[in-house]
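Sequences and hints are given; from them, build the entire structure.
So in numbering that gives the first Met the number 0, spot 35 of the sequence shown is number 34, and the numbers just go up one at a time.
Treat the hints as calculated values from the structure; they're not laboratory data.
Now the in silico label distances, taken between C-beta atoms and shown as ranges:
id, residue 1, residue 2, range
1, F273, D231, 44 to 52 Å
2, D158, T198, 21 to 29 Å
3, G271, E199, 45 to 53 Å
4, R53, G319, 47 to 55 Å
5, D231, R355, 42 to 50 Å
Derived SDA-like pairs: lysine to any residue, alpha-carbon spacing no greater than 20 Å straight-line:
id, residue 1, residue 2
6, K51, P157
7, K407, A255
8, K407, G344
9, K51, D86
10, K140, S179
11, K51, F78
12, K407, T330
13, K407, R214
No residue lacks a Cβ here, since even glycine has one placed at the ideal position from N, Cα and C.
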Amino acid sequence: MTADTDLGTLLDGNDVAGLQEWLADHPPHVVADELARADEVTAVFCFRLLEKDRAVEVFEELGAGDQQKILEGLRDQTFRHVVEEMDPDDRARLLGEAPANFTQRVLAGLSPRERALTAPLLGYEQDAVGRYMSPELVRLKEQSTVAEALERVRAQGPDAETVYTLPVVDDRRHLVGIVSLREVVLAPPGRPLIELVDTEFPRVYATDNAETAARLMQEANLLGLPVVDSEDRVVGILTVDDAIELIEEADTEDVARQAGAEPVEGHYLSVGVFRLARARIIWLFLLILAATLTAGVLQAFEGELSAVTELAVFIPLLVGTGGNVGAQAATGAVRAIAVGELRPGDVARVAWRECRVGFLLGVGLGIVGMVLATIMTDGRIALTVSLSLILICAWAASVGSVMPLLAKQLGIDPAVISAPLVTTLVDATGLVIYFLLARAVLGL
0 MTADTDLGTL LDGNDVAGLQ EWLADHPPHV VADELARADE VTAVFCFRLL
50 EKDRAVEVFE ELGAGDQQKI LEGLRDQTFR HVVEEMDPDD RARLLGEAPA
100 NFTQRVLAGL SPRERALTAP LLGYEQDAVG RYMSPELVRL KEQSTVAEAL
150 ERVRAQGPDA ETVYTLPVVD DRRHLVGIVS LREVVLAPPG RPLIELVDTE
200 FPRVYATDNA ETAARLMQEA NLLGLPVVDS EDRVVGILTV DDAIELIEEA
250 DTEDVARQAG AEPVEGHYLS VGVFRLARAR IIWLFLLILA ATLTAGVLQA
300 FEGELSAVTE LAVFIPLLVG TGGNVGAQAA TGAVRAIAVG ELRPGDVARV
350 AWRECRVGFL LGVGLGIVGM VLATIMTDGR IALTVSLSLI LICAWAASVG
400 SVMPLLAKQL GIDPAVISAP LVTTLVDATG LVIYFLLARA VLGL
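In structure tokens form, the structure reads like this:
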């Protein structure tokens, strides 16, 4: 096998020895990506060629859907080993998206300890932090010295998902604060641990929204975030790797919805054609119904079009420009909401700001439109087109930015108010503006 031989070539040649060498030589995330691309039979076959410990490393790099695909093709002994070695939070995420019979098979294959760690996580809502937190952590006692704290870290650290962020609790497991491993290691052994504790460190409740918690970690540059129950007792910790995955999943969903489609789980190349079509067609049905508004506007102003046929020439220009401006504003607003820069209470401020931005864009584009229209037709129609561009751009920017905020206020995912929907609505209203101005300027 040469250094540049790919997995597909080895599979086509039935080179089992070469496959084992390739799988052993490449990093786990690269192997996981190849397994996600492959069909179920090929993925399971390659996975079985991995050594036990390496198989677990590769498995942890897969998404929940791809993990389920692999597990369903494994024999019981290998199946038990893989699910036993998974972290409880990863296991809970896998089971949360799996059928009931698959969940029962996984739980039945777990040791009592791992089952006890996993079961409580499944009791939380799908989007709650409790589903994503790790219950395997090192809790330090507030009355400890630094030396005692280090001894506890050494004793419990091998079973914990992280030791870099260490919750400090009282006798009833109530969270007192957080201390970093760096501070503990650098402090004198006899120093009381409580002197190092950061009591203002942020925390979240297990029932809080997972994406919100992940965004908090991103903004505060945290390696770990303690998770507490309703009585402020530490029940787990959200680690930075899980927070990154949460943000990536949320951004993927937003991008899909902004494009007028439902998000699809799994690797793009492994998702079936019918599944992709089903994810996209619902919004297309809604958008084609919304597009009838544009047809209705054209029908309502049929008289104006008949009187001045040149007006029809500039409809694509106006509709396209308004839709693009609205889509830009909507995309910017959705992103700002996602990262916490905008709140529902900012509606008026955002509308006024975007209206001015749209006006400036309209002035610039209106000058260009005036020149083009003057070359193609008479001055009055050119003036109509120019003024229409100014008003349509201001209107489109305002609508595009406000609709996601209103959706957020109503409890709807702002990304659902996607760019295609905003574009369709702006098209119809932009034509109304155009024809009303034509009536006024041309005296129709």
